[in-house]
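J.: Once you've looked at the hints, dock chain X against the given chain P.
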Amino acid sequence: MQKKIKSKKSQAWGIDLTIGFTIFFAGVVLLYLYSVNSSSETEATEQLNYDGNIIAESLLSAGSPDDWNSGNVNKIGIAYANIINETKLERFYSLANSDYQKTKELFNTRYDYLFSLSVNMTINSQVTEQIGKPGASPENINTKNLVKITRFVFYKNKPSTMYLYVWET
Amino acid sequence: MSGKLNKRGIFYSTDALIALLIIILTLAILYPIASHSPRESYIAGDIIRTLSSMKIGEIDNVYVQNLISEGKISGMNKSILEQIGEFYVYDKDEAKNLANLAISGLSTGENIGIWYGNELLASINSTDIENSENIELERQIISGIREGSSVTGYSARAFLTSSSQKKYFYFGGYIGDGNLSLNMDYSGNITEVFLEIAINQEFDVYINGAFSGHYEKSPSEFTPARYDLSAYISNFNSGNNIISIRGNKLYIAGGYFKISYENSENLGESQRYNFPGIEGAINLYDSFYIPGNLSALGIYLHLNTSSAVFLNIGNTTVFNNRTSGEEKITLNDAYLSSLLNYNSISKKTAPVRLGLKNASYTSNGSMNADIFSVADLSGSMADTCVDYSPPNCCRAQRCANQSGCEICGGTWSEKIGAVKRANNAFIDGILNYSGNRIGLVGYEQAVYWWMPHNLSTNSTSLKSKVNRWVANGATCICCGINDAVSRMNNQSYSGRAKAMVVMSDGQANVNCTASGNAIQDAVNAACRAYQNFGIKVYSVGFGSDTDTNTLQQIAACGNGTYYYSNISEIVRVYETIARDIIAATYHKQTINVSGNISSVLYPDSYISFEYPKEIQSYGQIIANEKMFDNSSSAVFTVPPDSKIIEARVISYSGPRWTNKIKINGNLFFDLNYYGNDYISLGDPYSANIPLNLINTTNLIELNTGLSGANLSAGSASNKVIYFILKNLSAYSNIAALAEGCSWEIEFEAGGNISMPVPSNYSGSNNCYYTSARQEYSTFDAIQTAVYNLLQDLDLNNNGMIETRFSENDLSISSTEINGIPYSWDTEVQVRRWY
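So the sequences go chain by chain: P and X. Position one of the first sequence corresponds to residue 1 (my numbering), numbered consecutively onward. Position one of the second sequence corresponds to residue 1001 (my numbering), numbered consecutively onward.
Nothing false has been slipped in among the hints.
Cβ-to-Cβ under 8 Å is the rule here; a few derived chain P residues that face chain X:
| # | residue |
| --- | --- |
| 1 | 150 |
| 2 | 154 |
| 3 | 158 |
Here are some, though not all, of the chain P residues that point toward chain X, as calculated from beta-carbon distances under 8 Å:
| # | residue |
| --- | --- |
| 4 | 17 |
| 5 | 24 |
| 6 | 27 |
| 7 | 34 |
| 8 | 151 |
Hints were generated in silico from the structure; no laboratory data involved. Built from N, CA and C at the ideal position, the CB exists for glycine as well.
Here chain P stands alone, though its shape is the one from the complex:
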């Protein structure tokens, strides 16, 4: 009888240890998964955000050369002091339509982008909603990481908001 009681006591300790270890291991796994997922998501977003800000700054500059065109452009810029130059906007539109990849190279980014304003743009007498990746629109971008850069501009002598979407394909 004495022996039987001792055996039941040791079994209880063994089960306790097993359950405790299992719980602890689950906690460690949970922490690992969180940190891995969180880290990778932050890095990707930050990179997108970084590239997005660079592209936005480039677009809100005058570009280079100052009177650039598709043949000599070194840097795409469509504004001065955040006031959009419609001529340069048209050139950007044309360049993005004809050679989207070149615009990405000029923006020095591997991500896709889409440029739009809070008001419809009128380019070549046609209403244009966005400039950037052909076929893409803010509604149909299918990606895990996407950033939206918002800037204040004047377009056609009216205050407006510039949006720049940057995402990883």
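T.: Positioned in the frame of chain P, the structure of chain X alone reads:
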């Protein structure tokens, strides 16, 4: 409890559960922070940048266009930020409307607001800033805007376009003898005319043949008189004028006409020396100055003289002949260049001498003089304490000396002391010339034995006597005069000039005869001295209680001159008298003509010269006069920011020649260069100072003499007359107002003017620029600009303006400037909060 847990075997599970709980809690806390940390935003900076660049006139908006058409927005080039700022000052609602409109196109989930100062004008937000955890902001300062203040600044420029000019027409060192005339040429409207000359007789002035006043002679040949002819301005004509000075055997020992006239064109350098007109015995000692390297010279003489006339330039005779009636003689450059070394007279003051060949000019015309100083030693001459208080403070001889007087708050009136110093200076002045003697006569109730000193050349003995004089008793002027006459008759002799100087501070009250009239006795004594014994009697009224009338009668009857002096000036007056008496003993430059010679030099005669002229800079020409500090020197300064264009030393040398003049130690005129016998040389009245020798502060030293071996001091009436060129414009700082005011301005030449600036100003603001008061508002751009200009015109900073002008001469341009860096500002903030 623990024992129970241990017994049940759940110890490790419990620990693991606690650890898991901690992990979950940690993740629960960290996740929101990591996932909700907002990214960097550029919106606030964009708003500041865009609104400060976009012009209000470029906005495509109906509301803004309405504001423009209503005139609420005036400056189309203002930035939106500036326009909001202007509304922020004038109309808060419009400021808010415009600010909301400016950011109306902003579509973002962020909270954004625009603040001016501490006031929110517009925002796009989903949460209130009061509940935010973080606020980021971009800011910009807008200059020229402050709530409750003006949003526009003013800058004004004031400049003088004064057409008022001054011109001097100089007489020579000696012009005689007879009726004299001067050719005066100017163009414009004359406003003032002054004549300053040392002349030997009373005279009449005729301007273009019209009588223009009768005037008394000057005090002496060393001391000119100043005459105001402004009452006869109407006799002048723009162009050429002939001014005639007529009297009995007149001669002028230096002087000038000074005119002020209106003409907007600055006259260039003169290329001509005009001879004066002389009708009588031609006797001219003068000079002329060629400012550059002489390239051609011509002389035109218009003469009518039966006696031969000679003309010397430097020491070279270029003409020596008589005329047959009225003749016009021309000496051309070819002839003159064969006689004269042009280099020797270029950039120099060259003496000119024109005289009658057969007249005699005494080579040593000076006379030795015997002079008595007759001084009042009556009780009223005692040194006293005046203006002391309280009234009983000076009891018991407490104020018998200066220190006691000052303890009682009084002023020590040192009359006898001042007279002693004056007599000592007088002794020096007279005995400075060898051969002269001086005697002393002190008088009070009578002339007591210890008061006089016989004629002597011993200055130590004479001064010792003066220093022992004490004041006491009554005033017996006739006693003093009679005693001096008696001593003069006993001690002097013929061939010597005789004079006495009678000084008194009060009224004669002791008789010398039974007439019972002490005053008449004094006058009679003076008359007797001159009429019976040839002793000239000069008189000096000393102090405020002097009997001016009696002393003037004494001088008039004694053929002398009356002087007045207060205590502070008595020494200078005695020095002047000494010079005048000495001058009267010379006859150096006057002419002694045998027979009845009549000669005429017409005033259209001239010497013309050509030289390369410098181009004169543009600016306002200002004439300045600086009196000599004493009889031999002067210090004058050239004001800052000005260019000197002409400077002359004028010298009242009397019968002597001005022979040496230095500036800053550099000898620029030396009559000895032309010879030591001055009788054939000209005597410059005005000598030009080479401009390259003039510094900011300058010391002028001048000597006169009778020959190359003789050096004497000159006259304390000498001056430096110089012209400076100033670019007279001044600006204001940025100020809130540009209204102007009515100015009261005091001029150096005397008198104040009141004038509105700008000329159409009709408000109630008053500004002052006078020696007593200088007031203006620094908040008014026009007032500030005018004040700055007046400061520039006040060359010696004494609150009086050197250049006279009228309101028509003062031009003001005022410019309203927007968005200028201003003394106040407002900070604009665009805040983003979350």
